[in-house]
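Got chain A sorted already, so can you dock chain B onto it with the hints?
If you're matching them up, the sequences are chains A and B in order.
Going by numbering that gives the first Met the number 0, the first residue of the first sequence is number 0, and it counts up by one from there.
Going by numbering that gives the first Met the number 0, the first residue of the second sequence is number 0, and it counts up by one from there.
Hints in this document: simulated from the structure, not taken from any laboratory.
Just so you know, not all the hints are guaranteed correct.
Claimed, not checked - Heads up, simulated EDC-like pairs for lysine to aspartate or glutamate below, C-alpha to C-alpha not over 20 Å straight-line:
(1) B/K51 to B/E33
(2) A/K145 to B/E33
(3) B/K53 to B/E107
(4) A/K101 to B/E84
(5) A/K145 to B/D88
(6) B/K127 to A/E201
(7) B/K127 to B/E107
(8) A/K164 to B/D112
(9) A/K107 to B/D83
(10) A/K101 to B/D100
(11) A/K101 to B/D83
(12) B/K51 to A/E188
(13) A/K145 to B/E107
(14) A/K177 to A/D135
(15) B/K141 to B/D88
(16) B/K51 to B/E125
To be verified - To give an idea of the chain B side of the interface with chain A (calculated C-beta under 8 Å), a few residues:
(17) K76
(18) D112
(19) M115
(20) G116
Everything numeric in this text was worked out from a predicted model, so none of it was measured.
Glycine residues also receive a C-beta, built at the ideal position from the N, C-alpha and C atoms.
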Amino acid sequence: MRARYLTALFFFILGTMFSTESSASDDAAKLQEEIHHKGWIVYCSRADNGTWDLFLCRPDGSDKRNLTNTADFEEAAPRFSPDGKKILYRRLDKGSTINHDKWGFQGKLTICNSDGSDPVEYGGEGEYPWAAWSPDGTQIASLTVKGIQVIDLASRKVVKEFPRKGIYQQLFWSPDGKWFCGTGNHGGESWTVVRMNLETGEVNALRSFQTCTPDWYPDSEHVIVSSRPAGQPANNGYGYTQLWEVDGEGKEQKLLYGEDGVHIYSGAVSPDGEYILFSKCPDDGGGAERSGGTICLMRSADAPTIGGPSPELRKVHPDVKNGPVIEIDKGWEPHWTYQEISVRP
Amino acid sequence: MGSLWLACSQEPNTGEDPEVTTRGSVEVTAQLVEIRGEFVNRADYDYAFVMKYKVLEVHRGKVDSDFIYVAHYNPEKPRDRVADERVSDVGGTLQKFHAGDIHRMALETPIDDYFMGGIINRYFEEYKGPIYWAVWTNPVSK
Numbered sequence: 000m001r002a003r004y005l006t007a008l009f010f011f012i013l014g015t016m017f018s019t020e021s022s023a024s025d026d027a028a029k030l031q032e033e034i035h036h037k038g039w040i041v042y043c044s045r046a047d048n049g050t051w052d053l054f055l056c057r058p059d060g061s062d063k064r065n066l067t068n069t070a071d072f073e074e075a076a077p078r079f080s081p082d083g084k085k086i087l088y089r090r091l092d093k094g095s096t097i098n099h100d101k102w103g104f105q106g107k108l109t110i111c112n113s114d115g116s117d118p119v120e121y122g123g124e125g126e127y128p129w130a131a132w133s134p135d136g137t138q139i140a141s142l143t144v145k146g147i148q149v150i151d152l153a154s155r156k157v158v159k160e161f162p163r164k165g166i167y168q169q170l171f172w173s174p175d176g177k178w179f180c181g182t183g184n185h186g187g188e189s190w191t192v193v194r195m196n197l198e199t200g201e202v203n204a205l206r207s208f209q210t211c212t213p214d215w216y217p218d219s220e221h222v223i224v225s226s227r228p229a230g231q232p233a234n235n236g237y238g239y240t241q242l243w244e245v246d247g248e249g250k251e252q253k254l255l256y257g258e259d260g261v262h263i264y265s266g267a268v269s270p271d272g273e274y275i276l277f278s279k280c281p282d283d284g285g286g287a288e289r290s291g292g293t294i295c296l297m298r299s300a301d302a303p304t305i306g307g308p309s310p311e312l313r314k315v316h317p318d319v320k321n322g323p324v325i326e327i328d329k330g331w332e333p334h335w336t337y338q339e340i341s342v343r344p
Numbered sequence: 000m001g002s003l004w005l006a007c008s009q010e011p012n013t014g015e016d017p018e019v020t021t022r023g024s025v026e027v028t029a030q031l032v033e034i035r036g037e038f039v040n041r042a043d044y045d046y047a048f049v050m051k052y053k054v055l056e057v058h059r060g061k062v063d064s065d066f067i068y069v070a071h072y073n074p075e076k077p078r079d080r081v082a083d084e085r086v087s088d089v090g091g092t093l094q095k096f097h098a099g100d101i102h103r104m105a106l107e108t109p110i111d112d113y114f115m116g117g118i119i120n121r122y123f124e125e126y127k128g129p130i131y132w133a134v135w136t137n138p139v140s141k
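Same shape as in the complex, but just chain A (with noise of 0.2 Å):
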């Protein structure tokens, strides 16, 4: 009797881990269903030649191709203009590592259009360091140990300066122009994420402490972060950095993705707010050292989620909402437009 109460309880057990295991395979095929027509997803990747090429595919990973197909060149941190037209990016020489924390002074800042078509190299070796696009399109803004400037394309000039208050890495500049964000110092503390506005020049932090890689919602009022909390048992007490978001204010903070065992970078928004383009890596800082990590997407609305068994972080943020993540491609820095794109096949 006994016997049979443990094979039928086996069977319980089993059944349910399948139907579980069903259901998130369920769920992440409608999400790929969902955003599969959504526009295109550029990043740098690792190419057959061995060397950092650009890619674009669909959100959900299918209609893969090589934009550039360089074997001489080592491109890197893609991003979209925000008409979807052009594609901005570093060049580095063949055998450059790309540093995670650098990559904005490295190489030479390369534009071209989203088909990979027609690049042009707008600097030279380390010219422009972080360039960002204008709101428009047609100004970059630069951060320059001297200050960050803003760059009109068409005629080269320097148009408009700013001191950069402490911004050292990684600038961008808001979709409604109002604002910059960047990593910088502030407060006495390194590595904070802060924001600047551009009238009045104040800063304000948005999140401190091992914090960096921001960027924009479409909102401009919200900021999507990698972060690092204090405390983490795991990984001998450094913990590993997870995806959060901030609004402008710096008061609401909330996470959106973490996973015990890996570190998440390279987060991006969709053009809607509605869905979040992260990268997942063993490795501290992304990997771009090496071949970068795992490109995730996961919808806004599921957030927090957490990733593997992560057993500590789920004692942080117990009630998370466990959403499907979809995995789409080795690589680093992802970014989204839902323009379309004439490919070439």
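For chain B alone, kept in the frame of chain A given last:
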């Protein structure tokens, strides 16, 4: 006994060399009063670390205070191996920082005009004045 003789027989070193006397806009000999807290022992993160000095002599430029706060780039590295892709124009002969030691330094200020990176400043709450950027750092022995 031998090492004591060797120490006593060493020539005093003023730290003067063609680099420290020409680089930067300020040149001082100063005693490292305090290294507050631990360095960040992370090989893959560059940073500058602020240390407190007592000024003993001003060789060039103007220094308005008896105590200055100096940021050293990646302080766990010997100065002759500290220059890199991010910061190419720093150096010196100092091998290791010890509180109480005397250094001859070529400096610039304000730091933000010369260094764009993370700054660990554990004096931020108590000191709001200029932070000097250490361009060249040599040890001084008496």
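(request) Could you check the structure against the hints above and give me the numbers of any it violates, in ascending order? (result) As far as the earlier hints go, 2, 10, 15 and 17 are violated by this structure, in ascending order.
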